[in-house]
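Chains as they are written, first to last, in the working numbering: chain A, 4 to 380; chain B, 4 to 380; chain C, 4 to 380; chain D, 4 to 380.
Treat the hints loosely; a few may be bogus.
Stated by the list, open to error - Pairs of lysine to any residue residues, derived as SDA-like cross-links and limited to a Cα-Cα distance of at most 20 Å, are as follows:
1) C/26 x B/209
2) B/377 x A/208
3) C/109 x C/138
4) A/374 x B/50
5) C/139 x A/208
6) B/373 x A/248
7) C/269 x B/322
8) B/139 x D/117
9) B/138 x D/297
10) D/12 x A/311
11) C/377 x C/199
12) C/30 x B/50
13) B/34 x C/139
14) A/148 x B/209
Claimed, not checked - Okay, the calculated bits of chain D under chain A, using three or more residues with CB under 8 Å as the criterion:
15) 94-101
16) 263-271
17) 320-328
What the hints assert, rightly or not - Label pairs and their computed distance ranges (CB to CB):
18) A/163 x D/139: 53 to 61 Å
19) D/34 x A/212: 28 to 36 Å
20) D/66 x A/346: 24 to 32 Å
21) A/41 x C/296: 54 to 62 Å
22) D/282 x B/116: 34 to 42 Å
23) A/27 x C/311: 53 to 61 Å
To be clear, the hints were calculated from the coordinates, so they are not data collected in a lab. This one's a predicted model, so the numbers in the text were calculated from it and none came from an experiment. Here a beta-carbon is modelled for each residue, glycine too, at the ideal position from N, C-alpha and C.
Protein chains: 4
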Amino acid sequence: MIGYQFMGKMHSHAYRDMPFFFKTSVKPVLKAISGRKEEAVRQAAEEFGWESYETDWRKMIEREDIDVIDIVTPNHTHAEIAIAAAEAGKHILSEKPLALNVEEAKQMYDAVQRNNVVHMICHNYRFAPAVQYAKKLIEEGRIGKIYHIRANYLQDFIMDPSFPLIWRLKKEVSGSGTLGDIGAHSIDLARFLVGEIGEVSGMMETFIKERPIADLTGGLSATTDLKEYGEVTVDDAVAFLARFDNGAMGTFEATRFAGGNRNKNKFEINGENGSIRWDMENMNNLDVYFTDSPPGLQGFRTINCTEEEHPYAGAYWPPGHIIGYEHTFINLIHSFITGISNNEATAPDFQDGVINQKVMEAVEQSALNKKWMKIQI
Amino acid sequence: MIGYQFMGKMHSHAYRDMPFFFKTSVKPVLKAISGRKEEAVRQAAEEFGWESYETDWRKMIEREDIDVIDIVTPNHTHAEIAIAAAEAGKHILSEKPLALNVEEAKQMYDAVQRNNVVHMICHNYRFAPAVQYAKKLIEEGRIGKIYHIRANYLQDFIMDPSFPLIWRLKKEVSGSGTLGDIGAHSIDLARFLVGEIGEVSGMMETFIKERPIADLTGGLSATTDLKEYGEVTVDDAVAFLARFDNGAMGTFEATRFAGGNRNKNKFEINGENGSIRWDMENMNNLDVYFTDSPPGLQGFRTINCTEEEHPYAGAYWPPGHIIGYEHTFINLIHSFITGISNNEATAPDFQDGVINQKVMEAVEQSALNKKWMKIQI
Amino acid sequence: MIGYQFMGKMHSHAYRDMPFFFKTSVKPVLKAISGRKEEAVRQAAEEFGWESYETDWRKMIEREDIDVIDIVTPNHTHAEIAIAAAEAGKHILSEKPLALNVEEAKQMYDAVQRNNVVHMICHNYRFAPAVQYAKKLIEEGRIGKIYHIRANYLQDFIMDPSFPLIWRLKKEVSGSGTLGDIGAHSIDLARFLVGEIGEVSGMMETFIKERPIADLTGGLSATTDLKEYGEVTVDDAVAFLARFDNGAMGTFEATRFAGGNRNKNKFEINGENGSIRWDMENMNNLDVYFTDSPPGLQGFRTINCTEEEHPYAGAYWPPGHIIGYEHTFINLIHSFITGISNNEATAPDFQDGVINQKVMEAVEQSALNKKWMKIQI
Amino acid sequence: MIGYQFMGKMHSHAYRDMPFFFKTSVKPVLKAISGRKEEAVRQAAEEFGWESYETDWRKMIEREDIDVIDIVTPNHTHAEIAIAAAEAGKHILSEKPLALNVEEAKQMYDAVQRNNVVHMICHNYRFAPAVQYAKKLIEEGRIGKIYHIRANYLQDFIMDPSFPLIWRLKKEVSGSGTLGDIGAHSIDLARFLVGEIGEVSGMMETFIKERPIADLTGGLSATTDLKEYGEVTVDDAVAFLARFDNGAMGTFEATRFAGGNRNKNKFEINGENGSIRWDMENMNNLDVYFTDSPPGLQGFRTINCTEEEHPYAGAYWPPGHIIGYEHTFINLIHSFITGISNNEATAPDFQDGVINQKVMEAVEQSALNKKWMKIQI
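Construct the complete structure from the given sequences, taking the supplied hints into account.
Here you go:
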């Protein structure tokens, strides 16, 4: 694994826990973790349970005892690492967004295809049992032709103007702001559940233009005593309209300025025969409505997706004994490892990463040019 | 009152009930109701408690015992009636949208100004105590500078393709579809709470293109045995992005194709110091979040707006004894009658109607031309 | 109508509004209202729309132009007024609890039976469309044999120790405290929905033993400047276990000391085939669960009981346009007036009042003697 | 660890995950797991990650490389194992209920005291961050003197009459039914948050008297092909009233016959200055109400207890990224291991187990004798 911040901890945990809950023919071994600061990465190795560490990621790729590279570094490094890993024949899991832009993303996808390695992008929310069950209901036609999706991803952790200028707020490191960090998740969920997006009209905004400069290597909780200010070069908030290839309408909004919404990743989908609602903050629940319920008995029902009928839920605890955020990663890792052991494609893969990136780039272009932009897949 | 369908019943009730709950120096007297079909309007007069009826609305305007004209007819008649009423010196309450287009709306506004009559447009949702209280909190600066409003008005009553082609689905009668019928309410609430909208980018869709032809004078529940089909000439759904003059971002969506949402008129507003959420289906409640709550104790609180601190609530029942949809009209009528008795302006008035119409027209133009449109007030 | 406080206003409103929403063969005429304080009752007559007033309730009973007596006075006067009204052949609606004790209640019931008048007790919550629909589902066997009811009626309006000693807090005037005032509603709902109660084990508590003395004729909002304190002689809170004749278990709790619960009248019923939940604060909604939903799709569904399938809802507004607390009274008055016009029994009637009183008396006895008490019907 | 069913899996997971999230001076090593069926326990050892296994629990106690005994066996074996383990100087974690009855529980408590080992009972719900935060608020006096607790623990997994006669339904193995299995959790939470219970009045019911006989060693999901039926000798449901030593009133209900409630462990506490609500199915949230909020702004606020101010939450993910059921065990194990490393008492310990058992026994006696029973601590 390359990187050791928040997502490094999360992925490490998922590799450790996955075999406890799932039987797979190959099991992950936590060989090595890499990071530039020796003391920090040494500590991370110990804390997260890795056998060894490296201070240069290229060493990881050279090592013959490593079959899988997991990329949890800041976004601007994804492409170089992934391409090198692919060339070395390693299977790759990359954090999202796949890259800084479509061009980079395509190069990554080319590399993994050329080298025939298993590749996956870490859109973990697909792997909530409730979301997987929503997918199943949609595929079975239970809500019919889809008319609408409205997806919001609302956070509030940078509302304070004294929150420092972390790497996620610098375009050269992160590519974009809320759009790539959380909007990307909504885009991925929408594509997973509704289908491909044909065109978008977007708007973006940076509410706080300058922030105190912090050590850019710091994680989410970086703090600073510095009095110097630097420019925020990414979006604080983004909203866009979308038209899907199948005719559905989409409205999307992602922001880090929605006070009181800590991690409100939610969507509602309306089809001709029913509707589905999901909200990450109560991620075990799925609200479902069917138009064919008897008159008088129609209403959204709240399903606690902890039964064996709900994908992945059977691996955990009895009905009603809920799971949390980290389990979306455990399920994703299960899918990734299964893909590796069967040498099968996984989803979402780097192709999804490319398409998600295309949607994001179209949103940015649209916001800049103030017109609708088409997405060419 | 001119018109006697769903809104005719609602307004009649509000005139009757208002004096029971509120003390006003002048009290409404239900002199006459008008409609083209004598038997139907006669019945309505009796059922709704009007002293007399007319079959030609021009008679109403000629009558000297009538001081106030309330227009609850289909949209394409609003302008002619309102202008005639204004010329005759009657005070006017008009249902929304004010007119078929901006041009008509302006003529109406000119007429009421020229004739110095009290005028009001029936955006009743402003008058829910929770919404009035939200306004108060915003005006007091409790949530600070506003970053976001996301407003949805979701219904599902025409999802069935066999639902007939009522007048609300014909552009020449209604002007627009969901946009003018329910989207207009969201626009009005946003302008009331956030401020004026500067530009919009919109999209519109008609999911069911043809429907069985029905008697166009029928109300919401019109049915038909006819086998003939006619074209739906208005939008089934509309969504748009908005930039407010004060820099806030808005996302709006109105649809009649969101299964399970009977009358889900809701919004969330995020400001620098807090957030506010409201949902018509639980209209007595207001969810409020403040960033200055102590760490650990931050969260949306649900206020049951039935206390004397909540505007209009003191006129009704003790705390926790909730009111309903009809009370928004009773409160609005109280405001209208108070305006008349004091010869003061009321809000929302025809000027609001004109501006709301401008926003709607900009949304339509934007959807047609696929570009952002500015609103000139 | 005899009495003119909170419930006087509520009943007056219901008599006025009922004919607007419902067609009935006889229509209520608001002949006279009665109260001891002339100025106050004169004002009430005007405000509530009564043709005349009396300062001695006996005059009301003597008047030949009055067919119906509605009793909304403090509880200790119900029996005398009702018996006199019955002897005079008037139909009677009485507020709950029916009387101070079972003995009085029985005398009232004897009187109305002997004189063959229509009688009703004002347990309005039965008349929420959602509750009526729950009754229908239960009668149709949709949830099967009932195992459980848990009913809470939680308020908080007297938590402040400086809240005055209103009549509802004096046993000689009110009979009991929370038990008779709000617990009685839960008992009535449970009997309506589940069946008769066989035995109870209860506990009662008075948390604030002394309060400032107020004018006992004051309503809910009585205030006082007096420095004198008097004893609270009724229960602040009551809880009891119940065994129903059909084997169901019941847990009941009523309190005025549950901070944040303004008028939380709620219940959940569990049967062998499903469950039902209701909460007055969202009174239009009914939550329903069926065990025969397909595996994976089981969950409580929230029905917005505003459709024509839901009893009484068709008389009001389109689906999703909610009604409020006062509509439970309008529906009840409709049932009462229909009973009078058909000379039919209504429900809940004085017999229900007697049985409810027996349950309350058993709870009080049980709390006093610390043992289970049986209810003999 | 002795036992390897549902709770065996859960505890194993918690021992593995705890050191990942928490720094402790000693770390658990998974030495051995024990069970009577060799093949099953061998598999469990492998699946759960134990170094070795035993088929006789006495061997575990003899082993010198084992310092801690974790008892997750059926209830009738707790006492014998715990006493033997204590005599051998092992620290002990026992599943709840502590024993079959008070007598056994006392012997266990005597044994651990006599041998000066660290002891803990596995009431995991105390360790939800939201519950810990509720405790903190109560201790700080934020809700003042407590008036009420109403606690429900509702499940539905044995509603189907064909569900087999598992060991939890046989009194000689489990001691009691819902009372000891889930009611015990509510009792423990109430004692933790409100204080000691002085007296109770209870009722118990067995709705399904006979069930198909299953292999009694089977876990929650035991199935059977047998046609033979056996008697259910424990309670399906229990409810009781309680008076706390500090004057608070309690109402408790635990049942496995509340359809639609998979694992609804919830409570509401009302104090003189505020209220607190919690529901395991949304276990990250705590609803809090304060009477000193400004008029107009009073209401229950929903706190997502995932911030660093919320006990244990800081060990996991960023705010809004929720945790699940299993984390209550991880937190509990952290507390247990910390207790061992510091040789300090932990809570809840065997003394709590004894007192909880006394409350349960009093409830049973009360239900049998139909009178209030006092609890002597």
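We went through each hint and held it up to the structure:
A distance of roughly 39 Å separates the Cα atoms of residue 26 of chain C and residue 209 of chain B; the hinted pair therefore is violated under the 20 Å criterion. The suggested pairing of residue 377 of chain B with residue 208 of chain A holds, with an alpha-carbon distance near 18 Å, which does not exceed 20 Å. The straight-line distance between the Cα atoms of residue 109 of chain C and residue 138 of chain C is roughly 27 Å, outside the 20 Å bound, and the hint therefore fails. Between residue 374 of chain A and residue 50 of chain B the CA atoms are separated by roughly 53 Å; this puts the pair beyond 20 Å, and the hint is violated.
Simply put, residue 139 of chain C and residue 208 of chain A have alpha-carbon atoms about 53 Å apart, too far for the 20 Å limit, and the pair is violated. Of the supplied pair hints, the one linking residue 373 of chain B and residue 248 of chain A holds, its CA atoms being roughly 17 Å apart against a limit of 20 Å. With a C-alpha separation of about 16 Å, the suggested pairing of residue 269 of chain C with residue 322 of chain B holds against the 20 Å cut-off. Our distance criterion of 20 Å between C-alpha atoms is broken by residue 139 of chain B and residue 117 of chain D, whose separation comes to about 66 Å.
Pair hint residue 138 of chain B plus residue 297 of chain D holds up; C-alpha atoms about 17 Å apart against a cutoff of 20 Å. A C-alpha spacing of about 17 Å is found between residue 12 of chain D and residue 311 of chain A, which places the hinted pair at or below 20 Å, so the restraint holds. Restraint check for residue 377 of chain C and residue 199 of chain C: satisfied, since their Cα atoms lie roughly 11 Å apart, inside the 20 Å limit. Between the alpha carbons of residue 30 of chain C and residue 50 of chain B the distance comes to roughly 12 Å, so the proposed pair stays at or under 20 Å and holds.
In summary, the hint linking residue 34 of chain B to residue 139 of chain C is not supported, as the alpha carbons are separated by about 42 Å, beyond the 20 Å threshold. A C-alpha spacing of about 14 Å is found between residue 148 of chain A and residue 209 of chain B, which places the hinted pair at or below 20 Å, so the restraint holds. Beta-carbon proximity to chain A at under 8 Å applies to 0 residues in the stretch 94-101 of chain D; the threshold of 3 is not reached and the given coverage is violated. Residue count for the stretch 263-271 of chain D with a Cβ under 8 Å from a Cβ of chain A: 4. That meets the three needed, and the coverage hint holds.
With a cut-off of 8 Å between beta carbons, the stretch 320-328 of chain D has 9 residues touching chain A; three or more are needed, and the interface restraint holds. For the hinted restraint 53 to 61 Å between residue 163 of chain A and residue 139 of chain D, the CB-CB distance of approximately 24 Å leaves it violated. Under the hint 28 to 36 Å, the C-beta atoms of residue 34 of chain D and residue 212 of chain A, about 58 Å apart, miss the expected range. For residue 66 of chain D and residue 346 of chain A, the hinted distance range of 24 to 32 Å is not satisfied, since their beta carbons lie about 44 Å from each other.
In this structure the hint that residue 41 of chain A and residue 296 of chain C lie 54 to 62 Å apart at CB holds, the actual value being about 57 Å. The hinted window of 34 to 42 Å between residue 282 of chain D and residue 116 of chain B is violated, with their beta carbons roughly 56 Å apart. For residue 27 of chain A paired with residue 311 of chain C, a C-beta distance near 54 Å keeps the hint of 53 to 61 Å intact.
Checked against the numbered hints given earlier, the structure breaks hints 1, 3, 4, 5, 8, 13, 15, 18, 19, 20 and 22 and satisfies all the rest.
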